[in-house]
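Can you join these two chains into the complex? Each is in its own frame, and there are hints to help.
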Amino acid sequence: MTVAPISNSLEDGELVTQLVAGSERAARELVGRHAGPLARLIAAGGALDHEIEDLVQETFVKAFRAARTWRREAPFRAWLFAIARNLARDAARRRIAHVSLDAAAEVVSAGGRADEVLEARDMAARLTAALRRLSPMQRDVFLLRAQQGMPYSEIAVSVGTSQGAARVHYSTAVRRLKEQML
Amino acid sequence: MNSQCERLSERMVEVVHRRASWAAGEASHLASCVACQAELRLVTAALTLGGETALPDPRTLGDRIVAEWQAPIVRQSGRGTTPWLLAAAALVVLAAGWFAVSGRDGAEAAGPLPIADVELIAPAAVTGAVYDDAETLSEMTLQLGDGDLGNLDADELARLLRALEG
Numbered sequence: 001m002t003v004a005p006i007s008n009s010l011e012d013g014e015l016v017t018q019l020v021a022g023s024e025r026a027a028r029e030l031v032g033r034h035a036g037p038l039a040r041l042i043a044a045g046g047a048l049d050h051e052i053e054d055l056v057q058e059t060f061v062k063a064f065r066a067a068r069t070w071r072r073e074a075p076f077r078a079w080l081f082a083i084a085r086n087l088a089r090d091a092a093r094r095r096i097a098h099v100s101l102d103a104a105a106e107v108v109s110a111g112g113r114a115d116e117v118l119e120a121r122d123m124a125a126r127l128t129a130a131l132r133r134l135s136p137m138q139r140d141v142f143l144l145r146a147q148q149g150m151p152y153s154e155i156a157v158s159v160g161t162s163q164g165a166a167r168v169h170y171s172t173a174v175r176r177l178k179e180q181m182l
Numbered sequence: 001m002n003s004q005c006e007r008l009s010e011r012m013v014e015v016v017h018r019r020a021s022w023a024a025g026e027a028s029h030l031a032s033c034v035a036c037q038a039e040l041r042l043v044t045a046a047l048t049l050g051g052e053t054a055l056p057d058p059r060t061l062g063d064r065i066v067a068e069w070q071a072p073i074v075r076q077s078g079r080g081t082t083p084w085l086l087a088a089a090a091l092v093v094l095a096a097g098w099f100a101v102s103g104r105d106g107a108e109a110a111g112p113l114p115i116a117d118v119e120l121i122a123p124a125a126v127t128g129a130v131y132d133d134a135e136t137l138s139e140m141t142l143q144l145g146d147g148d149l150g151n152l153d154a155d156e157l158a159r160l161l162r163a164l165e166g
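Taken in order, these protein sequences are the chains called A and B. All residue numbers for the first sequence refer to our numbering, where the first residue is 1 and numbers rise by one. All residue numbers for the second sequence refer to our numbering, where the first residue is 1 and numbers rise by one.
Next comes chain B alone, as it looks inside the complex (with noise of 0.2 Å):
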């Protein structure tokens, strides 16, 4: 690719867009050079890609998204199951570990389960799992400030995005 290729590529999204129109040198180069020929072919097809997308009129869209957009966020249930299986799993596992213990030591295996110790240990395996879901980072973040926002910086905020986006 020459210099003038390389020229012509660049303000051929220009030209198709109807942005700008060629010079009568590129016009020139173009009718004689095969690669632009062909880079400008790509560039025509892919402008018509998705023009049979069928979308409902905007009006009837718009009603949808504002109707989404001001709803309470509400947990889908397939998504927010999952943070409490492991919780639940957690707990499981705990009580088969206290009841393993406890039946090896006569005196502790007739107390009750002691409540309050789970619960100093579930909290970090439920925040945890918690954390793993995206949808429910996003939402958890989206409840931020602007100050809080406000300091973050270009890459952290794009960090953000990012986990809000999943």
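Next up, chain A with everything else stripped away, as it sits in the complex (with noise of 0.2 Å):
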């Protein structure tokens, strides 16, 4: 069966309310426009390999199930990006995770090597580990910012704060990355 795609142009909001209304398509079209986004963020955010596309799923099936509760003051994205970071928490929890922990600390830790040119890729390496020495309110906040674009008005939303303290957040997170990469 073909079934006649979405049109780009309608908002998140429009698709939600289809959503609501059990609209398997306007599901479909949400996934497909925010999963990577939400995925690289969750993988960002220190998750393991196997747990990302998990994590991507319920996060989704969450939102879908409580999506008459979605205010509209903020995005549909701040909104899923909120749930995404509680359930990506509670996983980390539940993970036995020292051992990659203390490897990621470990790359820090031999920052020295001031000789050797580093790549883009080592850099993302790098600063992958310097994030876990972030508190997790820092990291989320300078995730949703540089890696995800998101002005700090969603990023308060997301993250349950004010915009001024997101702003300070993301400072402070900037701050410390430097200290500890530079």
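If you are wondering where the hints come from, they were derived from the structure by calculation, not from laboratory data. You may find that some hints are simply not true.
[What the hints assert, rightly or not] Just so you have them, the derived chain A footprint on chain B, three or more residues with Cβ under 8 Å:
1) 33-45
2) 57-64
[As the list claims (entries may be wrong)] Computed far set for chain A versus chain B, every beta-carbon distance over 10 Å:
3) Leu-10
4) Glu-11
5) Gly-13
6) Ser-153
[What the hints assert, rightly or not] Here are the in silico distance ranges between beta carbons for each label pair:
7) A:Gln-163 with B:Ala-88: 46 to 54 Å
8) A:Glu-179 with B:Asp-63: 43 to 51 Å
9) B:Gln-4 with A:Arg-89: 32 to 40 Å
Don't be surprised by glycine CBs; every beta carbon is placed ideally from N, CA and C.
What follows is the structure, given as structure tokens:
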């Protein structure tokens, strides 16, 4: 059966309205729009490779089931990322990750290799390790801002704080990351 | 960090995400400011994080998500066990207490277990245990109608969402 695509011009809010009415197509469109950025955010936040797909799926299912409770003052993406953040945090609590965290910390400790040229891949690996030394709030705000390109208004919704506080968390995160990596 | 650095920090994400480009003055500052260059490297590196994450194609992922979304909510055996274990433990304690009391009172010792009394006590314990289970709370909350949720203010809704997401 051929299913007509949903227009890209539809806003998330309209899709959620259709979703609440039971539209599968709206659900698929929302997945198509947000799954990639969501997976990258979850991965950068420290989830293990085998957890990412499940967390993405779980995030969407929870969001879809609770879609009628979404207050539309904030973008759907911000709300979705807030759900993902909580799920990822729960997964981290359940996980026994001491070994991988220690290994990541060693990468940061070995930061004295001034004679080596840091390529982008190496920089990303060091950043991943350094991010683990930030508080969860600082890490989330940094990733939502730098990786996802979110405005502070959306970040504030996603992490449950004010815009002003989000700016402070971002500045602190950048300062601490610089100290650790440079 | 001076005001020019702060301004660049604000604009940096926009430029890196290709929603803006540097003005001449900003580019000039960036070329001479080590701190801003370092921040730019951080933000650029952040953009690449998770880039190698392998997800199934959107159609497959969409199929799975839609199937789970539309499936009836069933309590997972592991998560649903705790409340029932607590309820069972409460019943055992009540029963033990009853036998201890009736053991001192010969007239009641031969009588049957007053099931009605137990049922009066047990629901509170069971309800408390069930409400401790975030998943169950989530399911129960989702059954609320629009009208009920519409009466919540922002703080109440935030608390509800936090409870929903555990």
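Each hint, compared with the structure:
Proximity of the segment 33-45 of chain B to chain A, defined as three or more residues with a beta carbon under 8 Å from a beta carbon of that chain, is established by the 8 residues found. Counting residues of the segment 57-64 of chain B whose beta carbon lies closer than 8 Å to any beta carbon of chain A gives 5, which meets the minimum of three for the stated coverage. No Cβ of chain B approaches the Cβ of A:Leu-10 within 10 Å, the least distance being about 16 Å, so the stated non-interface status holds. Interface exclusion of A:Glu-11 from chain B stands, the closest Cβ pair being 19 Å apart, more than 10 Å.
Distance check for A:Gly-13 against chain B: the nearest CB is about 16 Å away, which clears 10 Å, and the non-interface claim stands. With a minimum CB-CB distance of about 13 Å to chain B, A:Ser-153 clears the 10 Å threshold, and the non-interface call stands. The beta-carbon spacing between A:Gln-163 and B:Ala-88, approximately 49 Å, falls within the hinted interval of 46 to 54 Å. The beta-carbon spacing between A:Glu-179 and B:Asp-63, approximately 46 Å, falls within the hinted interval of 43 to 51 Å.
Distance hint for B:Gln-4 and A:Arg-89: a CB-CB separation of about 37 Å, consistent with the stated range 32 to 40 Å.
Comparing the model with each numbered hint stated earlier shows that all of them hold.
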